[in-house]
Every structure is written in structure tokens, then in C-alpha cells.
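> Sequence lines, in order, name chains Y, G and B.
The numbering of the first sequence is our numbering, which starts it at 1 and goes up by one.
The numbering of the second sequence is our numbering, which starts it at 1001 and goes up by one.
The numbering of the third sequence is our numbering, which starts it at 2001 and goes up by one.
Take these hints with a grain of salt, some might be off.
Straight-line distance between alpha carbons at most 30 Å, and here's what the computed DSSO-like set of lysine-lysine pairs gives [as the list claims (entries may be wrong)]:
(1) LYS53(Y) with LYS148(Y)
(2) LYS143(Y) with LYS102(Y)
(3) LYS102(Y) with LYS1215(G)
(4) LYS1198(G) with LYS102(Y)
(5) LYS141(Y) with LYS1215(G)
(6) LYS96(Y) with LYS1198(G)
(7) LYS2054(B) with LYS2130(B)
(8) LYS2115(B) with LYS1030(G)
(9) LYS1215(G) with LYS148(Y)
(10) LYS2320(B) with LYS148(Y)
(11) LYS1198(G) with LYS1215(G)
Calculated from the structure, these hints are not laboratory results.
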Amino acid sequence: MSAQPAYTPEPAAGNALVEAENIKIHFPITAGLFQRTVGAVRAVDDITFEIRKGETLGLVGESGCGKSTTGRALIRLRELTDGTVRFDGTDLTTLKRDQLRKMRRRMQIIFQDPYSSLNPRMTVGSIISEPIETHNLATGKAKLERVKELLALVGLNPNYTNRYPHEFSGGQRQRIGVARSLAVEPEFIVCDEPISALDVSIQAQVLNLLVELREQFGLTYLFIAHDLSVVRHISDRVGVMYLGKLVELGPPSAIYEAPAHPYTRALLSAVPIPDPRAERARKRVILTGDVPSPANPPSGCRFHTRCWLYEKLGRPENCRTEDPELRIVQPDHRAACHYAEDALQSDVGVAHMGAEPIRRKPFGAGPQAHKVAAVDDVPAALVTGTGAAGSATAEPDSASSDGDTTSRS
Amino acid sequence: MAVQSTTLDRKIAERPPASLWRDALERLLKNRLAILGGIFVILLVLLAVVGPFITPYGYDQTDIAAVRANRGPANPGQAGHLLGTDILGRDLLSRLMDGARISMTVALVVQVTVLVIGVPIGAIAGWFGGRADNLLMRFTDIVYAFPDLLFIILLTVVFKDTWFGDAVDGLLLVFVAIGIVSWVGVARLVRGQMLSLKETEYVEAARAIGVPDRKIVTRHLLPNSIGPIIVAVTLGIPGAILAEALLAFIGIGANVPRASWGTLITEGQAWMSSEPHLLLFPAIAIALALLSFTFLGDGLRDALDPKLKGKQ
Amino acid sequence: MTATDDDRRVDPGSPAVAELPDAEKLPEAVSLETEEGRRLASQLADEKTRHARKLLEVRDLSTQFYTKDGIVHAVDRVNFELDYGETLGLVGESGCGKSVTALSLTRLVPDPPGKIVSGEIIFDGVDIMKLTNEEMRLLRGKRIGFIFQDPMTSLNPTLTIGFQIAESARLHLGLSNRASNDRAVELLSKVGIPRARDRMADYPHQFSGGMRQRVMIAIALACDPMLLLADEPTTALDVTIQAQILELIRSLSEEFGTAVILITHDLGIAAGMCHRVNVMYAGQIVETGVTDDLFENPQMPYAWGLLDSLPRLDEERGAKLRTIEGMPPDLLKIGDECRFSPRCPYSRDICHAEEPELTERDRPDHLARCHGTEPGRGWIQ
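Could you build all of it, start to finish, from the sequences and the hints given here?
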């Protein structure tokens, strides 16, 4: 146990854009004819953190850990059961309807599923102009111009305004969703698993787009994902959630190279690495059992039922009885574990770091890549109109960043 | 970021924009059975609207001469009556056409009643949820559990000899009564649609943008529930026609001399052995109407159900 | 287990029995976790090839789908082999034909609209294409086990899982009710389901996703198959559960000497699980090789680009990911050219004019379909 104090946010930190203070979101479980409340799913259970201006905070965890609910709560798409969320100093939880609506210009969300996140009955133009109309940002010709500008910004043909979502591939639809959220010129975007529904080669394209936009507009992101490699790639700081709790928070170097929570270490050891050598070098901790139900979480530390460190330390009692607080273990690095110091000393989950990774020549680089196939060169035979049917096999994704490839080679 | 006009872009640009409605129409047009049903429905509607004006006989006009000549109802083709006459010498074809008028009106009035009651109740229950949902749905359950026939008979008794009871030869009351007992299905359907659409990410996106609730309902929820509602309404029509026929059969319905198909069947039944055409033609009319609406409804369902999209 | 082990070896339809001594089953001590273990495993595998044929040989397999828009060349002249006890990865993006390949191997391609139009599939010396449907059904249950992405669709929700596992053992191994039940309990505990005997009477919905996948594995292994076809077995699962299931597949395949074809889009899973990897693109195998070779020295720009487009867990925050631009071709229309050439930054005129064959690279077991890396005349190095 450490004598270091439990973390408390500094309200006047100055550079915090979003502050979540002791937020709780419980969903009632009802039963019977009269829908009596018989319990609650504690989706998010008392977590505190802040997102600094201009940073990207990655939030990882397994399904049901509450990461998406947290993300939605930050922009008040979910009502809090308890706690407060402040956006740029303003308490969102007490805002009136109209004030909140105005606030929505500053915070947006990008969804996971490119299929269900666009209204199938609306054209791309009306989807993207909906936020513009709602906030009276432009009308008439100026509105159309703005829509076209946004389409171009995300790498789509500006003339697509009268098209319907189902005419596009997954990657293109995701770009439409990005354009919609950019329409109000937000400062903060919650990216809720924005690439996990896409194919591997398309994932990189959309991820690059998000990074470019971040740099271009100085955006602040909450990047929610279950893929730890993607989160490391994009994040300035990373939070790890388990069963409604934030168990670790810190810069990627700490989270990925010296994690202080045994759960983070277990997660890291479970992530497949596309490198056979690193895969062999790793030391795996296979967590036993399933994630417990958030309706009835274990007492004390919620992770103790699956914790390898708890077993290794001979099942210390305070893990079962005391809920560990998110405390500072190192500068800017917090973890919610009574035995974080022991976890830090282990090599579980980071053993592969020592192994010499496979090094390949970078793809698409070097003098050999004398020519980049612009999509203009695609023989007509390869590009058919993918109408209603058959789009499963053809993934006509946009060739948005052709220019980038050219400049790189 | 420069955007290049690519071959793919051009290819997409060449195609006309394909809304889901257009796609649905294309699918519907490929369904032969549905087209057949649709054509017959249009025919039926035309017949109902203009039929009574082009027949040489009124539905209540008696041709005593024909009955006398035949010593009973005229047979099909006799004495200028294409489908024959009944015992009073009334032209069966004219009576069927007037019956079609009644049946089509039933289809219209009942389904309008269903929509007017069912859609708001379902939409309110689904959108607001919680207590409103609980209350409305229990009410719906009660309506569903109440015996339809008993309710309709009660209504006719209560409104007997009022303007409402006598309006349109007493038919309006019957239609509305059928509508009042039939909206439950649509209400439940709309509620279910609302509940599931409310959770979709595009509705969440609209909320994140700050779109007012009213606009979320009219722009996102209703347009996406219309497909299933259209299907339910179309497939509900045969039931309504049948219900009216059934009521007419047991004597609740049009005041004489107006006769719906159900009334004609009741009358024809008495002559079943000697004059089968009096039963046969109304029965065929009902069967064809029911079938064509069912085919059309099935076709609409297949065309509008996005889950079938891309298959086949 | 011994009874069933014997049963597997003494298969009247399998002349391979005599030629396959104990080498068929890797010693318990062999672990693929270590370098040494892998070397030993590959040595053992080498010995087997000397003794006998391959477990599976696929030659010129083509499967097409006849749709209203035309013929979809879902699998196009695919060739590969699989050793006894080997784990082979079939890697590619959605629509590349990896799942259809697996369905074709067991003749489960939905017909219509699909049809295996050509090819030979020799499984343990038997030409699968020549079997009757009834024989094929027996083979599927007994010699080839399946694990799918979504276990809920392959488990019958109205039957207890005990019954579903025992059923397979009863049908294919001819065990009595009692023996098959005992076997089901044994399998359940083997796949790591606690209190196996108690849970026999439970229904699929009473299990979590990971547990259901374990049940699927138990069913797949009920008859001690020689080949396990795992089609994206962990895609629907969380990463810690994924690790459990992969570990289970790995240890069971080592224990029983079961060969595994692992279909996945996740190159990380392939790197950790497979001895060899086939990369598929647009219905074809575009590169095949021993996992280390393929990951270290990819010989086909698609495989290369795919590997390079992945963010890595063990790398600092990167600036920009390398991407493969464009989209896979439409399988309705394929011309005489390299199918990756429209997206390939290295393509030359020959790539658009002539379809490359799958040919040897630096090692005889490393093949690629690319003009640019063709030894001697290639220009990518």
C-alpha cells in the first residue's frame, strides 16, 4: 500500500476541456407486470478523469466495461445517475435544454457502425446539412457549399450530396459520419470504436483521416476502442476500464511499457501482435473465467476474481474487501490497485518489448515505387456499379489519400 | 486534402441516386404475384368508383320482367343481365359493383381509423417509454382482449337511430367499429419500431447534434417506420373486408336495399341449390379481393424489408 | 480417450494407417511457445511427410456463385497442402474467399447459388469431390470439426448442450447413451468448463459467448477429428476471452495432433497461432509461406502493405499509417492481370497484362503471386 494520496482532479487546472467527476451511470433492471426496479446494472461506477485541451485520450476495455457509456455521458447523450461532467468549465448536467443544444455545437460523436449510424432514408447531403440547419450555420447556397466542402474534407467526392448511404462502402460511410460531426466545427469529438467495424486495409485509411483532422483543426478526441494497438497509435494518454471502473490512466509509455494494474498487463498479454517473433517472446497471462456481471460486481477490487497478481500474492484480504482508489503511482500515471508497485515489477504483458521486432522495408517506399496507381487507372472492368446487391464482395472505398501516397513515394 | 475524380466516383456519379423507396419499387415490380394483385386491386377500385355509373341498372333497380320470364332469378346472360339477377330482378353485376364500393370503402375507412388511432398511440408509447408506455400498452391489451363482435354489436345498439348510426346507409358506424377493434396490431408495430429505431446510432447522432425531438420523430423515426406500416395496413385490408362481410352475413351492416358482398352471400345462400350463381359470384369477388390484397401486401413486405436487400 | 484414439487410427477407409506410426501425434512435451518446440514440431512434421502423404491437398479449387449480376469467382484456382497436425492460417479481408474456401473443403457451399466448378480435394487420401453426400456427412462429423464465428447460430437453442455434444459421439462413434454422456462430460471439462457434469443439462443461452465457443469446440472435438476448421473463431469475443479460446485451440490441437485451418482477418492471431500462412486476395492465394518468412519478408505487395498498415502495440505513437489505397476488385469481372495491380504502388505494365502465377521465392515453401518479386526478373527488392 502506498501512502500517496488518492487522485482528485484539479478543477481549475486550466487546460482541462472535459472533466468527469465521480460519474455514475446505473441502468435499472425492472421485472414483473408493473416494471418494478429490482436492481441496477452499474455500467459506470464512480469514475473521475479529465481530458486536456488538444489531447487524445484513448479509452480501452472489453465489451460491457462501460467505455461507450462513459463516452456518451461526456457529451450528455446518457444521463448521469450521479456525479458531474464539466465541459470547458460549464457543468453539463445542470444545463437547460436550449443551453445544452447550443453546447452541442462544441462536442460531437463518431459511431462504430457505419451502417446504422446513417439514416438510410436521407441523402448524404441532408445528413450532413442536418447539423448545419439545426444550428442555423448556413442556408441556401452557402449550406450546399459547406456540405460539399465537408465531403471534400473527409476525402469524398463533393458531388455525392444526392446519394443515399447504402450506395457507399463501409469506409466511405464512416467518412460521411465524420463529415456530419465536423459540420458544427466541434472542439471535442468522442470517437466510439470508429474503425473496428471496418476491414483491415480500410482501418488505416480512416485512422489516418482522423489524425489529419485532429492536426488540422486542433481537435480533442476521446478515442474509445478495444484494440490496444490502435489506441496506442493515436493517443496521448490512455485509460483502461474494467467493469465500470477506470483502473489505470497514464501516458502510452507507462500503460504499454510499465503498466501498474494487473488487468492492463493481462490485456496487453492477450493482444495478438502481428509479429511471430514478438508472439513467441511474450509472457502470457490467460485470465480465467468471464467478466463478472456489472449488475452484481465482486466486492472489494472488482478484478480480484480474475486477478493473477492476487493469486500470486497469496490472496491478500484487502483486495476482497477494499475498493482500491485510482491513485498516483508515478507522475501522471494513476492506477487503481492496492499492489500497483508489485505489478510494476512484473514483466507480465510487456515481455515482448525486449524482443527484437521483425523489421521490414516500409511498404510503398523506396525508388522502386516509381509509380503510384491512381484509382483513375483502375480498368473499367474492375469497377462495376455496385448497386443494391453484390457490395459484399466489392469494397469500393474511396481513394481519398491518393495525393498522400504520391507525395510519400 | 485534394479529392480526385476517380473512375469509381464517375461510375457512382453516372448512376441516378437510388433511394430505398426506388429500390423497393424496383423489387416490387419484379414480383409477378404482387403485380397481379396490384393490378386487380386497381381494377377493383376503378370498378368501385365508376362501375355504378356505367351499368345500365341501379343496384336497387328491379327487373320484374326478367324474373317473370324465368320464373325465378334470371340466370347469367339472360335478359341482358350478364351475371343474372336475384329473385327481385336486381342485376347481380350492378349489386356486386356497389358491393365493391362498400368493400373498398371498408378498406379505406377501417385502415384510416387504424392509422389515426394506432400510429399516435404506438408512437407515443414507444418514444416516451416509461409510464406512458406502460399505461398505453395495458390499454391496448384490454382492447385486444375485448371480444370484437360484442363490442361492434354494442356500438350498433348504442348508436341506433342517431345520425352517426344512419350515416352512409348505416355503414359508417360499422366501418368505424371495425377500425376501433383493429388498431391494436398497428399500435404495437409502431411502438416496436420506435423502440428499436430510438436506439439506432443515427438517432443518437441527431440527438448529439441537438436536433429537437419533434424533428427526430418526423425526420428519422417515422420515415423509417413507414415501410412496415404500409405492409401492415395493406395486409390488414383483407381482414377488414372479411370482417365487414361477416357482419353483413349475420345482419349487421348496410340498411336495405344496399348490399355488401357479405349480404349478397347471405341472400345467395338461400338459393344455393337452384341458383348457384347468386352465391358463387359474390364468393368469387370476395376471394379475389382478399387474395389480391394479400399478394400485394406480401410483395410490399418483401420489397420494403431491407433485410432481404442484396439477397436472391 | 484411448478407445477413441484407436478408433480414429483404425479407419477402414484410410490406408494411411500403416504408414503413419506414432509420429502422427506430437509428444506432449512439444510446445509451440518456444523456438525449440517449433523446430521439434517441424522436424516431426518433416518425418511424417517422409512417411506419408499430406493430410489435405487442395488442387485447382474454384468455387463460383451464380448471381443475377453474373458469376462471382469467389475462389479461383486455389492450391495448398496441409500436414498432419499442422496449423495453417488462411488470412485475408472480408470477401477475399477465405470462408468460401473452407466451405468448399467440406462441400458446404450453398448450392444454389454456389458451385464448386473444378478442383480436387484430397483429404487423408480420399478425394472428397468423389464422395456421396452420405459419406461426406460422415466425414464432416467425424474427421473434420468446425468452429464458427458465432456459436449461437450453430448450437440448437432448444437442446441441452450435453445432448448436443453426446449426439455427435453417439452418431459417429457408435457409443452407447451412457458412454457418449461420459464422453461429453469429459470433453466439457477438457475445454475448460467448470462443473462440467452439472452444466450438461444447461441450454446454450445459459452460457456466455466465450463459454459457448468452448462448447462448440467440445462438439467439434467430440469425434477426435483430424482437421479442425476454425472460421474466425474469436472475432465475436473480447480480447481476454479470445486469448483463452486461442490457447485452448492451440493446446488441444497439440494434445490430439489435430490439424487446424484457422481462418482469420487478424494477422496478429495468425502470427501467434500458425505454422504456415496463406494470404488470400480476391479469391486467390497470393502468398504462402512459413509464418516467420512471410511476416519478415513478404513477397507480395498486398501482404506487405497489409502488414505495414497495422498499428503496433510495441511501437511509439506513430505519425501516419501506411495504407493500401483503393479497394479490392469486383469478383464478377476478372481480367487477365494481377488482381492487386490497380492498388499496387509497384505495378508495371506486365502486371496489367499478365496474371502472375504462384511461384517459388527464396525458399521452396515460400510462394507468391507477383511479377515484381519473381526471382531473377523482379524489380521490387
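> For every hint, state whether the structure bears it out.
Hint check results:
1. LYS53(Y) with LYS148(Y): 29 Å, holds
2. LYS143(Y) with LYS102(Y): 19 Å, holds
3. LYS102(Y) with LYS1215(G): 17 Å, holds
4. LYS1198(G) with LYS102(Y): 22 Å, holds
5. LYS141(Y) with LYS1215(G): 22 Å, holds
6. LYS96(Y) with LYS1198(G): Holds, at roughly 22 Å.
7. LYS2054(B) with LYS2130(B): 18 Å, holds
8. LYS2115(B) with LYS1030(G): 26 Å, holds
9. LYS1215(G) with LYS148(Y): 24 Å, holds
10. LYS2320(B) with LYS148(Y): OK: LYS2320(B) and LYS148(Y) at ~26 Å, within 30 Å.
11. LYS1198(G) with LYS1215(G): 13 Å, holds
This entry satisfies every hint, going by the numbered hints stated previously.
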